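Chemist: Listed below are the residues making up each chain.
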Amino acid sequence: MAAKNTCLVCQIIDNSIPSKKIYEDEFVMAVLDVNGAVPGHCFIMPKKHYPIIEQVPDVEIGRLSLASNKISSAIFESLGAQGTNIFIANGIPAGQTVAHFTINVIPRRENDGVNLQWQPKQLNEEEISTIELKLKEQTKNIGHFEKEEKKPRAHAPKTMPLDEEEEEHFAAQMRRLP
Amino acid sequence: MAEQNLSPEQLKALQEKIKQMSPEELKEFQKKQCIFCQIVAGKIQSRKVYEDDKVVAILDINPANPGHVLLLTKEHYSIMPQLPDDEVAHIFMVAKSLSNSMLRGIEVQGTNIIVANGVAAGQRAQHFMVHVIPRKEKDGIEFVLPQNPMQQSEIESVGNKLVAALRGEKEQEMPSPPSKVPEPKKDEQKKGSSGINLDDISKMLGDR
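Line order of the protein sequences matches chains A and B. Here the first sequence is numbered in the numbering used here, starting from 1 and rising by one per residue. Here the second sequence is numbered in the numbering used here, starting from 1 and rising by one per residue.
For reference, chain A alone in the conformation it holds in the complex (with noise of 0.2 Å):
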């Protein structure tokens, strides 16, 4: 992948920029931001390149998720912060400052510096209506998380591989299916 060599947090992760690891797995890597809002910051990213998160498959953010709670639940119990925050941004008008997704994990104290709060925009009846209708015909297609990792296909046998031609067809085969 070309963007892969350019990426800093893919450069974090095979290690060519050195990071103070907090969590690593096969999967998932965490490093303490060391030019973070906070002492403890702490970003968690899949080994994978995945620019934003509608690229990152749902096993991949099922661990993620978790390792971010973990982590979450580490800064409460040895660095005696107040709260913590996960913070994620997909896309540069939501804050997304790097072309890897990245979960930020922020450990908080009262008067620290960090705001993630808003002010509520007043919205009329039928603005919200037709919101709701949009984001509702877009929800039916919710469901059919895949939380195991996809099997490699079983059923070809390694001492006949397919070819191209036929790869394509299998392919196209399984496109049919519902």
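If you're looking for bench data, these hints aren't it; they were derived computationally from the structure. Everything numeric in this text was worked out from a predicted model, so none of it was measured. C-beta: ideal position from N, C-alpha, C; glycine also. Treat the hints loosely; a few may be bogus.
[As the list claims (entries may be wrong)] Here are the in silico distance ranges between beta carbons for each label pair:
| # | chain 1 | residue 1 | chain 2 | residue 2 | range |
| --- | --- | --- | --- | --- | --- |
| 1 | A | Ile92 | B | Glu24 | 19 to 29 Å |
| 2 | A | Pro120 | B | Lys32 | 24 to 34 Å |
| 3 | B | Lys43 | A | Glu132 | 15 to 25 Å |
Given chain A, put chain B in place with the hints provided.
Modeler: Okay, now just chain B, sitting in the frame of chain A:
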């Protein structure tokens, strides 16, 4: 809430009663007091945009931006560390899907997904929730995450504390094996050295 109409004596009696409750009783009590549990149960009206067996997503009545969704667990939890692992994983998968729904359905160019655990983190309700906020350029939202470089000694000490605390947790819950550092004893793990009890954090919310 109802407490505001109580006389000082009644309030004191109530506080005394709360102190003596078992964790189960306290949870049941919080649930009855919790407006979001009543929304989940359908006793208070809301605009639901998604629902399954574990979570409900509603439109925030005080939105940061049009389409701001509150994603609630059906079960009452005050803060995220109280959630079982399967619910944590599930609610974030739903949050991802809601973010996708916003990008496709309501012409926005980004989303923020935010959890606040504890009053100091900006939590206002006593029911755990995930905020999914649609974002556009120049929409007036300014989240402030300052950058403060850490000293090398601080990086080591803070990092090592977190690693030690995680190893304690990981032994019980994280699937992958920890590396060479010795494991803390189990009864030390729950409290941590300078740690704040998680129950206290969630109780603080209940008191508001």
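Chemist: All hints, please: hold or fail.
Modeler: Consistency of the hints with the structure:
1. A:Ile92 x B:Glu24: 19 to 29 Å: With Cβ atoms ~47 Å apart, the hint is violated.
2. A:Pro120 x B:Lys32: 24 to 34 Å: Holds, since Pro120 (chain A) and Lys32 (chain B) (Cβ atoms, about 27 Å apart) stay within the stated range.
3. B:Lys43 x A:Glu132: 15 to 25 Å: 20 Å, holds
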